[in-house]
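Student: Sequence:
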Amino acid sequence: MMGVMVSEKTRPTTSLSIRTSAASRPEARSTRAWRTRWAPRLVIAGIVLTALSLRPAITSLGSLLEEVRAGLGMSGSVAGLLTSVPPLCFAVFGVTAPRLARRFGPAAVVCAGMAAIALGLLIRPYAGGTAGFLAVSALALMGIAVSNVLLPVIVKRWFPDRVGSMTGLYSMALAVGMSSAAAVTVPMTEALGGSWQTGLAVWSALAAAAVVPWLPFVRDRGASPAAQAPAREQAPAREQAPAREQAPAREEGSGPRITRSRTAWALAVFFGLQATAAYITMGWMPQIFRDAGVPAGTAGLLLAVTMAVGVPLYFLIPRFATRLPHQGPIVVFLGVCGLIGYAGLYIAPAGGAWAWALVLGIANCAFPLALAMVGMRARTGAGVVKLSAFAQSIGYLISIPGPLLVGVLYQHSGGWGQPLALMAALMIPQIAVGVLAGRDRLVEDEAAR
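Going by the numbering used here, the letters in the sequence shown line up with residues 1 to 449, in that order.
Keep in mind that the hints were calculated from the coordinates and are not lab data.
Note that the structure is a prediction, hence the values are computed from the model and not measured.
For glycine and all other residues, C-beta sits at the position ideal for the given N, C-alpha and C.
Certain hints may be false.
[Claimed, not checked] Just the calculated beta-carbon pair ranges, DEER-fashion: (1) L316 with D440: 17 to 27 Å; (2) Q411 with G129: 18 to 28 Å; (3) A425 with F104: 38 to 48 Å.
Please model the entire structure based on the sequences and the hints provided.
Tutor: Printed below as a string of structure tokens:
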């Protein structure tokens, strides 16, 4: 009997020693080091490279729009349609991102998105004709759309305690990609022989590089080790969310009924109106300056200045926004900058070109503010997935007519007075819905009412 008792008492110790021995194996230590040290660093590299790749497809085209129009035989209205394709694709394909993420994992979808961007940018200039150019552009824009939606999700999963700073980091990288493409596309095209096809295709290399950091995560569909970390930068109500709402099993498979939330609708409309202003700026601002007598290279550089202003502000605004109980004052300030910039382009487009480029660059920083509010207006990872997809898909649908209407007004009026009046008029509702979206509300709470 005593022997049996001794045997039973020693069995747990033996089992524990076996487990301890297994845990101390070099393979286990290597796996832990990978998950805790190297994997987050690789995710950060992937986030930064992905963000750098999300806008050159658009801003490089804006710098060479006149050459592309001449090469493909486009009218002003068709060129306006071309500048409306990005938000259309973002709306259509962005809504599929949550379903794809549930099936394949967010990292795998972003990896495939980067591959689609690289392939689309490489083929697009040589597709032949306007229809082929638009069709292959849609491939690249599809990759941008799903990555747009899923980057906030990846940040929330891997860095829940640094949502503001990580959103600022990838927003800043996105601004660097935008401004770099706008600044160097024209001189790089001239250095490569003057062919607009080569000037556009070269940006595929950046997207190809962004594929690499995501490859180790393509089979990782679960929550990261950081998924349970406390979110220090979130509001106290979000920090104290019940554990059942933060469980990995609910991270992507469920979530609130977004359509019942007034804040979600306000954020979607705000996202759409700021996207309208951004895509009009990226697609048409160089043409506004060129029509005012500014040389093509300088016009591209002015667009680069507009984008470059966002490099520091894209990093600072999300961090600042997460520390405020209400983001309305930031919304109002950015909207006023937009109104000043449009008025300047109408009154003295060439004489004050650098000032208007600077002010409009500040106004375009509504984009990182919208991204930050996506992370702040939802308590759970599942809420962020749904809110990000909803706000971006509805928002980009709202933004589709803007660039197209600008092209039509420009062609039929023969000037920029009417298009600029439209841009200024849209800034008023952007301020209004942005103030509503900036209130300290959670979509889960509103959806449950």
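Student: Against each hint, give a clear statement of whether it holds in the structure.
Tutor: Cross-check of the supplied hints:
no. : hint                       : verdict
1   : L316 with D440: 17 to 27 Å : holds, 21 Å
2   : Q411 with G129: 18 to 28 Å : holds, 21 Å
3   : A425 with F104: 38 to 48 Å : holds, 42 Å
Violated hints are absent here; each numbered hint is respected by the structure.
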